[in-house]
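K.L.:
In order, the protein sequence lines correspond to chains A and B. For the first sequence, this note's numbering begins at 61 and goes up steadily by one. For the second sequence, this note's numbering begins at 61 and goes up steadily by one.
A hint or two may mislead.
Treat identical chains as interchangeable: a pair holds within one or across any two.
Claimed, not checked - Taking lysine-lysine pairs in the DSSO-like style, the calculated list, with each CA pair at most 30 Å apart, reads:
1. K213 to K72
2. K300 to K321
3. K214 to K200
4. K242 to K175
5. K238 to K120
6. K321 to K72
7. K200 to K72
8. K300 to K177
9. K120 to K220
10. K178 to K72
11. K144 to K214
12. K300 to K72
13. K86 to K178
14. K71 to K86
15. K238 to K317
16. K178 to K200
17. K317 to K175
18. K242 to K144
19. K242 to K178
20. K71 to K220
21. K214 to K71
22. K300 to K222
23. K222 to K71
To be clear, the hints were calculated from the coordinates, so they are not data collected in a lab. Since this is a predicted model, take the numbers as computed values, not measurements.
Protein chains: 2
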Amino acid sequence: MEVGNRYVSLKKYINGAPCESDLEIKTAALSLEPRKGSGDIIDAPGVGEVVASDIADYNKGDWVADHIGWQEYSVIHGGETMRKIETKEFPLSHHAGILGLSGFTAYVGFHHVCKPKKGDRVFVSAAAGSVGSLVGQYAKLAGCYTVGCVGSKKKVDMLKDKIGFDDAFNYRDEPDLKAALKRHFPDGIDIYFDNVGGEMLEAAVANMNCFGRIGICGAISDYTNSIRTGTFDTVDTIDKRITIQGFLVVDYVHIYKEFLKATVDYLHRGEIHAVEDISQGLESVPAAFVGLFHGDNTGRKLVQVIHH
Amino acid sequence: MEVGNRYVSLKKYINGAPCESDLEIKTAALSLEPRKGSGDIIDAPGVGEVVASDIADYNKGDWVADHIGWQEYSVIHGGETMRKIETKEFPLSHHAGILGLSGFTAYVGFHHVCKPKKGDRVFVSAAAGSVGSLVGQYAKLAGCYTVGCVGSKKKVDMLKDKIGFDDAFNYRDEPDLKAALKRHFPDGIDIYFDNVGGEMLEAAVANMNCFGRIGICGAISDYTNSIRTGTFDTVDTIDKRITIQGFLVVDYVHIYKEFLKATVDYLHRGEIHAVEDISQGLESVPAAFVGLFHGDNTGRKLVQVIHH
Numbered sequence: 061m062e063v064g065n066r067y068v069s070l071k072k073y074i075n076g077a078p079c080e081s082d083l084e085i086k087t088a089a090l091s092l093e094p095r096k097g098s099g100d101i102i103d104a105p106g107v108g109e110v111v112a113s114d115i116a117d118y119n120k121g122d123w124v125a126d127h128i129g130w131q132e133y134s135v136i137h138g139g140e141t142m143r144k145i146e147t148k149e150f151p152l153s154h155h156a157g158i159l160g161l162s163g164f165t166a167y168v169g170f171h172h173v174c175k176p177k178k179g180d181r182v183f184v185s186a187a188a189g190s191v192g193s194l195v196g197q198y199a200k201l202a203g204c205y206t207v208g209c210v211g212s213k214k215k216v217d218m219l220k221d222k223i224g225f226d227d228a229f230n231y232r233d234e235p236d237l238k239a240a241l242k243r244h245f246p247d248g249i250d251i252y253f254d255n256v257g258g259e260m261l262e263a264a265v266a267n268m269n270c271f272g273r274i275g276i277c278g279a280i281s282d283y284t285n286s287i288r289t290g291t292f293d294t295v296d297t298i299d300k301r302i303t304i305q306g307f308l309v310v311d312y313v314h315i316y317k318e319f320l321k322a323t324v325d326y327l328h329r330g331e332i333h334a335v336e337d338i339s340q341g342l343e344s345v346p347a348a349f350v351g352l353f354h355g356d357n358t359g360r361k362l363v364q365v366i367h368h
Numbered sequence: 061m062e063v064g065n066r067y068v069s070l071k072k073y074i075n076g077a078p079c080e081s082d083l084e085i086k087t088a089a090l091s092l093e094p095r096k097g098s099g100d101i102i103d104a105p106g107v108g109e110v111v112a113s114d115i116a117d118y119n120k121g122d123w124v125a126d127h128i129g130w131q132e133y134s135v136i137h138g139g140e141t142m143r144k145i146e147t148k149e150f151p152l153s154h155h156a157g158i159l160g161l162s163g164f165t166a167y168v169g170f171h172h173v174c175k176p177k178k179g180d181r182v183f184v185s186a187a188a189g190s191v192g193s194l195v196g197q198y199a200k201l202a203g204c205y206t207v208g209c210v211g212s213k214k215k216v217d218m219l220k221d222k223i224g225f226d227d228a229f230n231y232r233d234e235p236d237l238k239a240a241l242k243r244h245f246p247d248g249i250d251i252y253f254d255n256v257g258g259e260m261l262e263a264a265v266a267n268m269n270c271f272g273r274i275g276i277c278g279a280i281s282d283y284t285n286s287i288r289t290g291t292f293d294t295v296d297t298i299d300k301r302i303t304i305q306g307f308l309v310v311d312y313v314h315i316y317k318e319f320l321k322a323t324v325d326y327l328h329r330g331e332i333h334a335v336e337d338i339s340q341g342l343e344s345v346p347a348a349f350v351g352l353f354h355g356d357n358t359g360r361k362l363v364q365v366i367h368h
């Protein structure tokens, strides 16, 4: 059987924010060689349905989550690990978002890095993003006062009207981020969940309360220089005994079941919303990817490659 | 009884690094009013001997440690807390240094904030200072590889030859701090005990290992702009899961007895050295204070105000 497989390929090394012209769509016969030898296919996480399998435990129609690459078909070999999705009660897309890496990152970072207490005042940057939109909802469910920062009026409205943030603001309307945070947190910030770095982090440190905790999850500003570099105020950090911690979810696999149970329960009770932004077709991958660096997406950005 | 009391007073508000001319010596009749009403005397910690007392438990000849101010005589009232020094087996000066706030800060910051493991690679800035010189010694006693950064060749020699650092370097000889740390820590830094902030912190973050811990103790660069401001690299902080924590010893009073016992034991066994830099006479306070901001002191800077 020979199947034509379309995939996304990198034309040249990307320095800074990517452009759509850095990427191109190619077609090749689907190779049954191990993934590592698949040439120029870009590795990326995703979810899919098994169309053919000779591995025990994986049958046609099963749903799986894995690093499947930006392509229509992915060949996974027996020795490799692949997460099988046990239930089909939620849309497949949820397993690439709220029940996948985004949700797990939000849960671990908020609950296990930032360690919230009821009544804490929580600030989330990139709050309409895949992770930020969930951090804010976990924060509300934990009894925290929650304010998000985003890049458009539409996202401000979404946070406040759709997913229950107490307040939100558009950083593009704020010439002075420190003053903006002072206005939104007259009693100071207890937890800052940082998805952007740069001057937003600097402004948050200036507004933190004593024993404040900052979880460093993303650094979009450092990848793209989209906002000003931040200065690190060590005097504030000492005087207010601030803890700042970078984290990666790979260190928290022991929390995975706890996360999944809590989040599925919230979904069952309708207490948490998966915000998803789905483009159609493999050819939309370049625009979808580039858009992430400009804040085009609202919630988890996904591309549906195959209809079935 | 009227006693003339000499004290140090501030002539004007200090912005940035202080000058000797910002301070002056005055004389006034010793007032028995509570300290808060003592006017322009500068509050500062110190140790002293009781010369007269009508408070039970404090007798003539007793040693005490307290915020006694930059003055020859200090009036302490009964309702105020004052730490009585239980033993006279060590010089009085030790209780204002290795057995006082400096030692406690070093102990808490190293053991309870930075949480060392045997074999960790430890970097200490301002390593010839009152706190840094002790952090390095605690690190060596904990089985860590320890490198200090200082501001003179004399201090480099002191660290290596007198108090047992594995290595040390003079930051004034290093145009590129990141490269200097890379050279001294080819296998990376596990713990950075930061006494300076600024670009040194930035350089340390760039050289940290995964799960590295940074204790933020001092920020001399932020007080004085003596070294360049540091940029905070959030990408490194995430990828290497770095934890950065500011701390103040007031939050660790429950550790005080543990600290005192450990340090007294080290002193008894000759395993730790109190590095003290003692000036003579109240009139040396302005120069001693100003010198702190220029790295003039080696070890704990003290002024002996009274001879007896």
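K.L.:
Please go over all the hints and tell whether each is borne out by the structure.
P.N.:
Now for the hints, and whether the structure bears them out:
{"no.": "1", "hint": "K213 to K72", "verdict": "neither (35 Å within a copy, 49 Å between copies)"}
{"no.": "2", "hint": "K300 to K321", "verdict": "between (35 Å within a copy, 29 Å between copies)"}
{"no.": "3", "hint": "K214 to K200", "verdict": "within (21 Å within a copy, 57 Å between copies)"}
{"no.": "4", "hint": "K242 to K175", "verdict": "within (23 Å within a copy, 34 Å between copies)"}
{"no.": "5", "hint": "K238 to K120", "verdict": "neither (54 Å within a copy, 53 Å between copies)"}
{"no.": "6", "hint": "K321 to K72", "verdict": "neither (42 Å within a copy, 62 Å between copies)"}
{"no.": "7", "hint": "K200 to K72", "verdict": "neither (43 Å within a copy, 49 Å between copies)"}
{"no.": "8", "hint": "K300 to K177", "verdict": "both (18 Å within a copy, 27 Å between copies)"}
{"no.": "9", "hint": "K120 to K220", "verdict": "neither (42 Å within a copy, 67 Å between copies)"}
{"no.": "10", "hint": "K178 to K72", "verdict": "neither (48 Å within a copy, 45 Å between copies)"}
{"no.": "11", "hint": "K144 to K214", "verdict": "neither (36 Å within a copy, 63 Å between copies)"}
{"no.": "12", "hint": "K300 to K72", "verdict": "between (45 Å within a copy, 27 Å between copies)"}
{"no.": "13", "hint": "K86 to K178", "verdict": "neither (51 Å within a copy, 52 Å between copies)"}
{"no.": "14", "hint": "K71 to K86", "verdict": "within (11 Å within a copy, 75 Å between copies)"}
{"no.": "15", "hint": "K238 to K317", "verdict": "neither (38 Å within a copy, 41 Å between copies)"}
{"no.": "16", "hint": "K178 to K200", "verdict": "within (9 Å within a copy, 42 Å between copies)"}
{"no.": "17", "hint": "K317 to K175", "verdict": "both (18 Å within a copy, 29 Å between copies)"}
{"no.": "18", "hint": "K242 to K144", "verdict": "neither (46 Å within a copy, 43 Å between copies)"}
{"no.": "19", "hint": "K242 to K178", "verdict": "within (21 Å within a copy, 43 Å between copies)"}
{"no.": "20", "hint": "K71 to K220", "verdict": "neither (40 Å within a copy, 53 Å between copies)"}
{"no.": "21", "hint": "K214 to K71", "verdict": "neither (34 Å within a copy, 55 Å between copies)"}
{"no.": "22", "hint": "K300 to K222", "verdict": "neither (34 Å within a copy, 35 Å between copies)"}
{"no.": "23", "hint": "K222 to K71", "verdict": "neither (39 Å within a copy, 58 Å between copies)"}
When held up to the earlier numbered hints, the structure conflicts with 1, 5, 6, 7, 9, 10, 11, 13, 15, 18, 20, 21, 22 and 23 and fits the remainder.
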